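Participant: Going down the list, the protein sequences come from chains A and B.
Heads up: the first sequence begins at 135 in our numbering, then just goes up one per residue.
Heads up: the second sequence begins at 3 in our numbering, then just goes up one per residue.
Just to be clear, a hint being listed does not mean it is correct.
[Said to hold, decoys possible] Mimicking DSS-like on lysine-lysine, the simulated pairs with C-alpha atoms at most 27 angstroms apart in a straight line are:
1. A:K366 - A:K255
2. A:K182 - B:K169
3. B:K44 - B:K99
4. A:K366 - B:K383
5. B:K422 - B:K383
6. B:K99 - A:K366
7. B:K250 - B:K210
8. B:K210 - B:K65
9. A:K182 - B:K99
10. A:K329 - B:K327
11. A:K211 - A:K144
12. A:K182 - B:K422
13. A:K182 - B:K250
14. B:K383 - B:K423
15. B:K210 - B:K273
16. B:K357 - A:K182
17. B:K193 - B:K287
18. B:K250 - B:K99
19. B:K273 - B:K169
20. B:K193 - B:K273
21. B:K210 - B:K94
22. B:K357 - B:K327
23. B:K287 - A:K255
24. B:K422 - B:K357
25. B:K65 - B:K188
26. A:K255 - A:K144
27. A:K366 - B:K169
28. B:K205 - B:K193
29. B:K423 - B:K287
30. A:K399 - A:K211
Worth flagging that the hints you see were computed from the coordinates, not collected in a lab.
Here the structure is a predicted model, which means the values were calculated and not measured.
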Amino acid sequence: MAINVNILAKIIRYQIHDISRSFWLFIYTLFFLLASYGLITFSSDAPKVLISLMNITLIIIPLVSIIFGTIYLYNNKDYIILMLSQPIKRSTLYFGLYLGLVIPLILSFLIGIIIPIVFSKIDLGEHFDVLIFLFIAGIFQTVIFVSIAFWISSVYENRMLGLGLSIFSWLSFSVLYDGFLLIMIHYFQDYPLEKILIGFSLFNPIDLARILLILKLDIAALMGYTGAVFQKFFNTNLGIIISILSLIIWTVVPLILGKRRFAKKDF
Amino acid sequence: MLQKSIRFFDVTSRWIKFFLIAIVCFLNSSEAKTIRVGANYKFQTIQSALSFAVNGDSILVSKGLYSEGTIIIDKSIALIGESLPVISGDNKYEIMKIVSDNVIVRGFEFRDAGINFIYENSAIKLDGVANCRIEKNVFFNNFFGIYLSRSVSCTITDNEITAFQTKETYSGNGIHLWQCGDMIIKRNKIKGHRDGIYFEFVKRSSIKDNLSENNLRYGLHFMFSDSCSYAHNYFTNNGAGVAVMFTKNVDMHSNHFKNNWGGSAYGLLLKDISDSRIYNNIFSKNSCAIYLEGCNRISTERNDFIENGWALRLMANSMDNVFTKNNFAGNTFDVTTNSTRNYNLFESNYWSEYKGYDLNKDGIGDVPYRPVKLFSFISEKIRPSLILIRSLFVDIINLAENIFPTLTPEGLIDRKPMMKKIQ
Chain A
135 MAINVNILAK
145 IIRYQIHDIS
155 RSFWLFIYTL
165 FFLLASYGLI
175 TFSSDAPKVL
185 ISLMNITLII
195 IPLVSIIFGT
205 IYLYNNKDYI
215 ILMLSQPIKR
225 STLYFGLYLG
235 LVIPLILSFL
245 IGIIIPIVFS
255 KIDLGEHFDV
265 LIFLFIAGIF
275 QTVIFVSIAF
285 WISSVYENRM
295 LGLGLSIFSW
305 LSFSVLYDGF
315 LLIMIHYFQD
325 YPLEKILIGF
335 SLFNPIDLAR
345 ILLILKLDIA
355 ALMGYTGAVF
365 QKFFNTNLGI
375 IISILSLIIW
385 TVVPLILGKR
395 RFAKKDF
Chain B
3 MLQKSIRFFD
13 VTSRWIKFFL
23 IAIVCFLNSS
33 EAKTIRVGAN
43 YKFQTIQSAL
53 SFAVNGDSIL
63 VSKGLYSEGT
73 IIIDKSIALI
83 GESLPVISGD
93 NKYEIMKIVS
103 DNVIVRGFEF
113 RDAGINFIYE
123 NSAIKLDGVA
133 NCRIEKNVFF
143 NNFFGIYLSR
153 SVSCTITDNE
163 ITAFQTKETY
173 SGNGIHLWQC
183 GDMIIKRNKI
193 KGHRDGIYFE
203 FVKRSSIKDN
213 LSENNLRYGL
223 HFMFSDSCSY
233 AHNYFTNNGA
243 GVAVMFTKNV
253 DMHSNHFKNN
263 WGGSAYGLLL
273 KDISDSRIYN
283 NIFSKNSCAI
293 YLEGCNRIST
303 ERNDFIENGW
313 ALRLMANSMD
323 NVFTKNNFAG
333 NTFDVTTNST
343 RNYNLFESNY
353 WSEYKGYDLN
363 KDGIGDVPYR
373 PVKLFSFISE
383 KIRPSLILIR
393 SLFVDIINLA
403 ENIFPTLTPE
413 GLIDRKPMMK
423 KIQ
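Take these sequences, add in the hints, and give me the full structure.
Facilitator: The following block contains the structure:
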């Protein structure tokens, strides 16, 4: 299991170098630049800008990460086969590829959002912690969805099937899961659902990040009792530790599962 | 007309009283005199000057600290402070009690009326009086500020009332009126009390140009008070905003309702109100701008609803209300309701969320606008569903419902949505 750090670093460096020249990564950065620039220039109200940025972060990042990640592993098949003929451990190669993709994606997200904020006169003042939170949420979305993508493309050899599954899993996390929650809330509306809903929110990284961000903005007051229960849980140290832990589990489990398949795979 | 004749009667009765007093004074061959109170004068306490004074006298109090327990004014006098003398209740007593008509109190600082739940200690209590004036005083750290009961035709103007309690139960109201009529409350500033202004069983009174902010409960608490009006007031940052309940015929116009934010805070809470008018008000950043329950025949016109959580929460038991020419901009939910039927009229409002077009350029959108979104309808019925707010799923179901309305009230529709903000 020991990973050779030198080789890992070399692979990462090569991958970053390779991906930096990618046209799509450029588009991705440009998208964030334009979107956040547009939002900041058209609205001077910090909470509104943050909510719109949150919407972008929680819809676009998972979608792009999962699709980009899936395609990336399929497209690099020749390179992987070539590398495997060298004396390199499969796990080292796998993590190298993973980090080599995740780091540029995170950087382009951060660059895309930070530059317009730095150059604008918007007063984030009291909402600065929300912004930091938004960055953390964005980073976690990238890390989680790339690892899911790697898992999917390690398991399925068929490109179309893998891509379809990726899109479907994005759809389930961002839309179907919420639909399921709504149906559940509707059927069990006579019962106190708050604590169960907290539990369910831990099972979906997008929902978890969304709820954490909403609770940071004062829109939580609209939720009345539910909002109060959520705030009480997520504002305690235990709540924060549990939610961070849940996000870490969402990253690590698919990554390990994917690595296992990758290690045994017959290319 | 009635009001005019009453006022006329008031004026004439005042004149008759004046003549009577003048005749009495003439017969006694003495005039209304001015009594001075202060460290350098014959009278060093307000009490002693009061017991010497007769109806019609003025008492001039010079700067200093007066702490005399409860001062009871039972003569028609004018009590005037020079450069803000302080009268203290020592956190024990009620400071002043007025039981005579035609009293003027001007230019004092009232401090530290003690907390007392049985007597509702206040800085100034007026009980069963008429034609009194409380002007230009400062109230600091009192249980109740100005307390009027069973009184008529008094004016409360230009007072600054501040308190510092943090618990609702240990705090009294800034200006408290119970069973009064024909009152004028004008240009006062009230901060940090339980309710800024409290009206119960008050008739034909006006509340104007006041500032009521950072109160623990309501900025204005208004019940059973028919035919009153409040206008040009600021109600900001109050724990629960403004509540108007069980009343007919109220005029609410040109007020600002701002930043009344919290789980159970309302810009304006209306319960069982009928035949009233709400116009030219600005509601901004309230968690709920107007909440209507059991309200009938209210006309809501030319108000601005800006960046509220809910602009209107219209409960099913409200009927025949009219909402026209209002601006709804940047609210999380424009209108929510808990019924699939609607007996209220929405027309010619501006909605920032409106996405229709105007081909004939007459300023009126060609497609009707439905302000109730599916998600706002669901969340009104099942509150926990609000945790899905800002989810992609919610946008999708709102869009679907917008195209084929099945669940949201079909009658709640603005057939003439305006394309531009109404000035």
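Participant: CA of K383 (chain B) to CA of K423 (chain B), is that 27 angstroms or under?
Facilitator: violated (31 angstroms)
Participant: Could you grab the alpha-carbon distance between K182 (chain A) and K422 (chain B) and see if it respects the 27 angstroms cut-off?
Facilitator: With Cα atoms ~22 angstroms apart, K182 (chain A) and K422 (chain B) stay inside 27 angstroms; holds.
Participant: Would the hint linking K44 (chain B) and K99 (chain B) be met if the CA-CA limit is 27 angstroms?
Facilitator: With Cα atoms ~24 angstroms apart, K44 (chain B) and K99 (chain B) stay inside 27 angstroms; holds.
Participant: Within 27 angstroms, alpha carbon to alpha carbon, are K357 (chain B) and K182 (chain A)?
Facilitator: Roughly 20 angstroms between the alpha carbons, so the hint for K357 (chain B) and K182 (chain A) holds.
Participant: Could you grab the alpha-carbon distance between K422 (chain B) and K383 (chain B) and see if it respects the 27 angstroms cut-off?
Facilitator: With Cα atoms ~32 angstroms apart, K422 (chain B) and K383 (chain B) exceed 27 angstroms; violated.
Participant: Within 27 angstroms, alpha carbon to alpha carbon, are K250 (chain B) and K210 (chain B)?
Facilitator: Distance of about 19 angstroms is within 27 angstroms: holds.
Participant: Please work out if K366 (chain A) and K383 (chain B) have their alpha carbons no farther apart than 27 angstroms.
Facilitator: holds (23 angstroms)
Participant: What's the verdict on K287 (chain B) and K255 (chain A), does the C-alpha distance respect the 27 angstroms limit or exceed it?
Facilitator: holds (23 angstroms)
Participant: Taking only the CA atoms, is the gap from K423 (chain B) to K287 (chain B) under or equal to 27 angstroms?
Facilitator: holds (18 angstroms)
Participant: Would you check the hint for K210 (chain B) and K273 (chain B), treating anything up to 27 angstroms between C-alpha atoms as holding?
Facilitator: holds (22 angstroms)
Participant: Given the hinted pair K255 (chain A) and K144 (chain A), is their alpha-carbon gap at most 27 angstroms?
Facilitator: violated (41 angstroms)
Participant: Quick one, are K399 (chain A) and K211 (chain A) close enough, alpha carbons at most 27 angstroms?
Facilitator: Measuring from Cα to Cα gives roughly 12 angstroms; hence the hint holds.
Going through the hint list in order, the structure does not satisfy hints 1, 2, 5, 6, 8, 9, 10, 13, 14, 18, 21, 26.
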